[in-house]
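Got chain A sorted already, so can you dock chain B onto it with the hints?
There are 2 protein chains.
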Amino acid sequence: MSFQPPRRVLMGPGPSDVSERVLSALARPTIGHLDPAFVAFMDELKDLLRFAFRTKNELTFPVSGPGTAGMETCIMNLVEPGDTVVVAVNGVFGGRLAEMIERVGGKAVRVTESWGRPVDPAKIEAALKQHPEAKLVAFVHGETSTGARSDVEPLVKIAHAHGALALVDAVTTLGGCALEVDAWDVDAAYSGSQKCLSAPPGLSPVTFGPRAIKKIESRRSPVPSWFLDLRLVMAYWGGGAKRTYHHTAPINALYGLHESLLILKEEGLERAWERHQKHHLALAKGLDTLGLGLFVEESARLPQLNAVSVPAGVDEAQVRRRLLEEHDVEIGAAYSELAGKIWRVGLMGHSSRVENIVYFLDSLETVLGKPSQRSAEVARKVLS
Amino acid sequence: MSFQPPRRVLMGPGPSDVSERVLSALARPTIGHLDPAFVAFMDELKDLLRFAFRTKNELTFPVSGPGTAGMETCIMNLVEPGDTVVVAVNGVFGGRLAEMIERVGGKAVRVTESWGRPVDPAKIEAALKQHPEAKLVAFVHGETSTGARSDVEPLVKIAHAHGALALVDAVTTLGGCALEVDAWDVDAAYSGSQKCLSAPPGLSPVTFGPRAIKKIESRRSPVPSWFLDLRLVMAYWGGGAKRTYHHTAPINALYGLHESLLILKEEGLERAWERHQKHHLALAKGLDTLGLGLFVEESARLPQLNAVSVPAGVDEAQVRRRLLEEHDVEIGAAYSELAGKIWRVGLMGHSSRVENIVYFLDSLETVLGKPSQRSAEVARKVLS
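Top to bottom, those sequences are chains A and B. Position 214 of the first sequence, counted from 1, bears residue number 214 in the working numbering, the numbering being contiguous throughout. Position 175 of the second sequence, counted from 1, bears residue number 175 in the working numbering, the numbering being contiguous throughout.
It cannot be assumed that every hint is accurate.
Repeated chains share a single entry, so a pair holds when one copy, or any two copies, can fit it.
[As the list claims (entries may be wrong)] As a list, the in silico SDA-like pairs of lysine to any residue whose alpha-carbon atoms are at most 25 Å apart:
(1) Lys265 with Phe3
(2) Lys107 with His162
(3) Lys370 with Gly95
(4) Lys129 with Arg320
(5) Lys341 with Glu326
(6) Lys278 with Gly82
(7) Lys265 with Pro6
(8) Lys285 with Arg275
(9) Lys107 with Arg220
(10) Lys107 with Arg219
(11) Lys46 with Lys214
(12) Lys341 with Ala235
(13) Lys215 with Gly105
(14) Lys56 with Phe3
Think of the hints as simulated: they come from the structure by calculation, not from any bench.
Isolated chain A, as found in the complex (with noise of 0.2 Å):
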């Protein structure tokens, strides 16, 4: 029987809510990848991926994979055996990051920090200091996993100061809080489709500037993924007239990153940053006013991202489940270390909005057993 997905109001850690116009558009036509129509089609999805990273980055283009594939893009290719990174870890996609190189050959020198603290510029430099050979600085924007925003541009500059490149995982942070890839000197960027960008999971966009690509175009040894290989993925998407068969790109996936971006373009950069922040100090309001917190401090908050702290007393899974079950609403639980500790509540994309606000604070009420609290009333009035 076909599938029919129940409705949900998606405020989890991603996938977002996808708009009825980035589904529709995924259900047009599929064309050959080939076709001289299609290859228009992806010079302008480049152009709309650069103006969501700020940067005039010619390789920028969506890898054919989840975010995952996006990080292990960067790291298979700007990583060679031997070479020593200095890798933040201060959740789970840091560490991440640091398996990904090992599994390469690279030497990971882990700079760990508590979960749902910032990446410290301090512990960075201080371990550059120590290992003056370190090629590469790779460091998470927004931990997904614990809320926490780290500052991109004294980590770039520290990065450099001491002749590293530095890349960033902008999986979470991609049109959801600034990211300024170019003025900041970014060298490196991958993300996801699913998150702020609110197409479905399946794509993870990256761009590499003139260092990343010279590292890449003097590799000594080769890119042990084919799948991955940036040398070859260019020659597809970076081809013009001379375009080259790689792999078949995921047409349909695209047709929806594609609209996903238009979105973005029509509302513009600077104002969905102002969107994610506003919904998220509202929320923060909200959750207030039923004797919630937020578990990361206020300089470092994702606005996209809300780590809520669980109340003692709490049965945070039941929480959850009722969530799901009696309202529709999904949001996440956390991993590891902070696992039963915080709830992970998104507005990411078109999931920040003031009906998933003033609709998820009203079911939270009923499922903790506190109604008439009114916190979505307060949450409306700090957007009015």
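Chain B only, in chain A's frame:
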């Protein structure tokens, strides 16, 4: 501006035409990849893939990337540094397999064959005698670059007789001609969503039998890719209630694949194979009327991919361009040593319909300047 793709008749080497039913499945609401409703859907999808592969293999699921990612999943997990692999190279994709083997540190023993010819079991046997240390035999069932079908069962028998596993590229064959993973004792196979399944490109169904799993579980070295590491992926796709997060699955693309497999199941697998064969014979007859022959010897022709010899004096690129621009029909060019010598005419999945055969032959008559040859009528007669 929203992208409005042209409507094409897709008769190249893939993607094939995607039905309205599959397109509308893509546009259903996105839900979370850990939603209980999605978890139940994943189990159904795996069952449908087992049906298509004719296997009971527990480890059967779609890799979150195009066919190339499925190919690399197999190579990365089944080959360790120093392993010898006998790989048949009778077209582009055999060559790609060999490259992937070498990138992960394997030793690829290439058994070459002229393009357009099937893999010769005697040559594979000779290579295994010369390389008794070989742990794997890898070959392509249906070479999309040439239109040749190889005989899987004897090749698997030879591999096993020499203590090697057998890996089969079924990208173009799954759903389009007989493929019996269990009955033929295939150890691992991968396919693509955009050929005879007629879902959009971007997913790669894979299946692994007990010997393959034993090999994976006894690896001494980590898989170089974190994204494609089956030990991690298995915990997600095979984890049941204890499912652990690995990467975010491409939800909407999976809706489409599920729907395409339902359509295949409704038709019946053997009936789908027969349809492909019947339509292939009709096309061949129609082409014959126009004086056009098939490049591959009769016994090795893939019904779903017809390599048509380009007649002397015909500008093959212009024919393709006019078919596309004037008739919205896409057919494929050829690569490398076959470039300019053949057209690749696909009759895959939803594209394998009498309407497409008639429209293509009629359009081709016009483009070749041979109107009123009534090739379409001849083709129709074969089908009546």
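A quick look at each hint next to the structure:
1. Lys265 with Phe3: between (33 Å within a copy, 14 Å between copies)
2. Lys107 with His162: within (17 Å within a copy, 39 Å between copies)
3. Lys370 with Gly95: Neither: 38 Å inside a chain and 65 Å across chains, both beyond 25 Å.
4. Lys129 with Arg320: neither (45 Å within a copy, 60 Å between copies)
5. Lys341 with Glu326: The answer is within: 23 Å in one copy meets 25 Å, while 63 Å across copies does not.
6. Lys278 with Gly82: Intra 45 Å, inter 57 Å, cutoff 25 Å: neither.
7. Lys265 with Pro6: between (30 Å within a copy, 24 Å between copies)
8. Lys285 with Arg275: within (15 Å within a copy, 63 Å between copies)
9. Lys107 with Arg220: both (17 Å within a copy, 20 Å between copies)
10. Lys107 with Arg219: both (16 Å within a copy, 22 Å between copies)
11. Lys46 with Lys214: Only inside one copy: Lys46 and Lys214 sit 21 Å apart there, 43 Å across copies, limit 25 Å.
12. Lys341 with Ala235: So Lys341 and Ala235 pass the 25 Å test across copies only (24 Å; inside, 47 Å).
13. Lys215 with Gly105: both (16 Å within a copy, 22 Å between copies)
14. Lys56 with Phe3: between (42 Å within a copy, 23 Å between copies)
Against the hints set out earlier in the document, violations occur for numbers 3, 4, 6.
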